[in-house]
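Undergrad: Letter by letter, the chains look like this.
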Amino acid sequence: MNRLTASGSPSDATVEKRLTAVAVLVVAVWMILLTRLFYLQVVQGDVYRISAERNSVRTQRVDAPRGVITDRNGEVLVGSRPSFDVMVVPHETEDVPTTLSRIAGLTGRDLETMSASYGDPRGRARFQPQRVAHDLDRDALARVEARLWALGGVLTQVTPVRGYRYGDSAAHLLGWLGEIGADQLGRKEFAAYRRGDIVGVGGIEKLLDTDLRGRPGGRNLLVDAHGRELQLLSSVDPEPGRNVVLTIDHRLQEAAELALEKDHRSGAVVALDPRSGEILALVSHPAFDPNEFAIGIDPERWRELTGDPFRPLMNRALQGQYPPGSTYKVVTAIAGLEEKLVGVQSVVTCGGWFKLGRRTYRCWRPGGHGVVDLHTAIVQSCDVFFYKLGVELGVDRLAYYARQLGLGSRTGIDLSGEMTGLVPTEEWKVHRDHTPWVEGDTVSLSIGQGMNLWTPLQLASAYAAIVNGGTRYRPHVLKRIEEPDGRVVRSVEPEVLGELAVSPQTLATVREGLVGVVQEPHGTGSVMKGLPGGVLAGGKTGTAQVVGMPAGSRPDMETVEHEDRDHAWFVTYVPADNPRLVVSVLVEHGGHGGSAAAPIAREVVTRFLEGEADLYAGN
Amino acid sequence: MPGIDRRLIQNFEWPVFVLGLAVSLVGIVNLISASPERSAANLIPETAWRQVVWMGLGLALLLATLLLDYRTLERIAFPFYGAVVTLLVAVLFVGRIVNGSQRWIDLGPMNLQPSELAKLALIVLFARILARRSATAPVGLLDLAIPAGLVAIPAALVVKQPDLGTALVLCVVSVSFLAVTRVRLSSILLIGTAGIAAVTIAWFFFLHDYQKERVFTFLNPERDPLGAAYHSIQAQIAVGAGGLFGKGFLHGSQSQLDFLPEEQTDFVFSVLGEEWGFVGTAFVLLLYLGILIRGLQIAHSSKDLFGAYLSVGIAALFFWEGAINVGMVIGLLPVVGVPLPMLSYGGSALLTDMIALGLLMNVSMRRYIF
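So the protein sequences, as listed, match chains Y and P. Here the working numbering is used: the first residue of the first sequence is 1, the next is one more, and so on. Here the working numbering is used: the first residue of the second sequence is 1, the next is one more, and so on.
Honestly, the hints are just simulated from the structure, not real lab data. A couple of the hints might just be wrong.
Claimed, not checked - DSSO-like mimics (lysine-lysine), calculated; alpha carbons at most 30 Å apart, straight line: (1) Y/Lys-188 / P/Lys-160; (2) P/Lys-303 / Y/Lys-17; (3) P/Lys-160 / Y/Lys-206.
What the hints assert, rightly or not - Computed from the model, here is a short list of chain P residues facing chain Y with C-beta under 10 Å: (4) Gly-240; (5) Leu-285; (6) Gln-297; (7) Gly-322.
Glycine is no exception: its CB is placed at the ideal position from the N, C-alpha and C atoms.
Full structure from sequences and hints, please.
TA: Printed below as a string of structure tokens:
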């Protein structure tokens, strides 16, 4: 208690005087509050009571029109279209069940679904129109409108819905819309979003949602107790979303899709400009129709989509990982040339098989290719040549060059969900399997079988670097973002990821081989011969084993069960001397690359060359 | 137990206890009405039940507080402050985000809001600092620099969450201590200048656009009738429509038809106003006034300076939260997120209020014990 005496008594003079003043101040403030309350509640009470009874102000949200997505030529891929809806205002409808069943009769819609979407509105919702039928056709709309006079509380309304002009075309790339999830609402990046908001769920719709969505506006309406709008008090116009221009060329996209769909095959096509990384087509098949999501997908259809064994929601172009097959041979060739283990003069005699220890590895051509040099080995896709070279190089040197080409890691495309693929190394195998790497693994690896995994996008991107002289560009689908008035907000420039540490001669040698694949006799890519305008192409076929068949007994693929058949690859570029287009094609379980995948690539390339011809003719 | 002796029980602080309990009970009844999920089958909605549980917990804490001599707090004032600042830093990293603000630390069944504890920590800290200094010389500028820094740290952390309302409460409660301190005139002038400078800096560097918008809207309600002013207009309509006797429990059309924003938390007073009228609002305001006046009396009769300053701080907390919240609901102040003590829904806030009441009672009950 010494402290107390030191600092004076508790009822120290200052504190005591001040406490009285403070008490007076507190009472004064409370008097102000009470006076204001008296004024509001007693003096003005009747005014406010009327205001409340008229139910005062109703705030209606006015959604902003979502931005349009176009292809590089201004072709609208995603816009909006009108949807005719039937609404019921609970408060104004005397007998809701009867009204609903009459609407069901007029529109041919299911009564149960209609009751479900009407729900059980309470409170303020009873004064607001509830949507019971969405997206009526014109006939049904006419039937409802003709009987509106007898249907109290029913009204029709036009609302814009997202329209994907070409149905399932480029569905994975464009994405789709859905209601915002509860988990998203809690996150900081969604701070501006509210429950019930529609957001992009996949692809560009998701990635650029904040640009596309715009800013909703609102209207303050004075309404009476029956929900009737008495007066528009004020309104804030919505700000429309920004428009997005993609690098996609719809004509190529369509050509690729048609070609891939022909035999109901699953697979992917990637077409890109090797000079910039701009993606001209990005196809994954089977696909889905994003329009189904735009009006709210029905749960059964959703289960069907997610449960489909062909996985239509997966974007195979960047999420499908497949062994590269013989398209890998360029990696072995580049590594061999750079490490000086092979020259343009070196030859190997292919007798149709390669022996390592006690195992024999077959060449795909029974009887062998005879004496082959590197060029012939690429042209005719001789396995034995690359077995030998691969074993001399070893797995880690192969991996070094594969990684240079961007394999085994994401290309960095401006779409989410991209997979990394796989480039195995000795260390990786020890880590995963706890068994050491054996030379036999390298044999399979050097012709692209075994543990390598690439995505169709990685293949296109790697070949783009080989054919453009060694520059790796980041592949991208976004060209620019524009304000509704056309002002450019963001423009995507080509981004160089790196230069290959490979000599120009090496790349030139490999390219000569790739042109030979198409142009020379016995080349595996002869499907690409004779393009419009006499344009020369280069390319490489690939056939990726799905199940290991006993060595030397590769059966005819036509006789094998579908899911055990090989994946077919083809990658090509035009024109051979100054490439402007690289196309990679993967057909799942398609069999041989040259016969299953190459014709699809030809369709895309032909469409591209025709398009260029149109352009020049137009000039 | 050493803490309880007969005199402690004889001196039980009934006025604060009864007034505090009364406000809390009004709060529960009002929350039943303010819960939109209430239906015929679910007469007492979950929010109200949760508040009942919080209140039970709060009462237990209040009584537990009485066992401890409040002078113990004087010794742990700095560690307490340090712990709260640590929690405030932690919440910026691991806090749960609700409606865009990061205020809560997830403790499993409950969420802790450290900014509520910060109110108590600052009150205890300033009571200690003031009690230990000589009361004869007036306070100069230098003596104020350190306390200013001590407020600035938690206040800045709370603004970062962002929770402008709580930061405001931290500042005004701290400044309130000056009301019972002798300060040099020159210092007052300087503080005024510094205050204006601080507001300017906060305006340009710390305030979010929506927070600035609220200030603009208060100055000119026509500016944004769809946004911030909507809250204010709807709240005033609700309170005004209550009239003298109110529309009756569960019969407020504004509240029941969901026209009111934040009707369980910051705007809960408007539900009270609509359903219980001027009679109800005046009753609740008088209960608060009772606590405030009694709090100042306790400060006056406290046996030591620490107890006196502690009581003043607690009274200041209730005063500012009450005045700001009610002032906002009835259109006298801009819309700021400040809860109404013991009436707004919120566990951490209710616990803080109960502990504060407990401390007030504690000071009162030990005024004769030496």
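Undergrad: Indicate, hint by hint, whether the structure satisfies it.
TA: Hint-by-hint comparison with the structure:
no. : hint                  : result
1   : Y/Lys-188 / P/Lys-160 : 13 Å, holds
2   : P/Lys-303 / Y/Lys-17  : 17 Å, holds
3   : P/Lys-160 / Y/Lys-206 : 29 Å, holds
4   : Gly-240               : 3 Å, holds
5   : Leu-285               : 6 Å, holds
6   : Gln-297               : 8 Å, holds
7   : Gly-322               : 8 Å, holds
The structure is consistent with each of the numbered hints, conforming to all of them.
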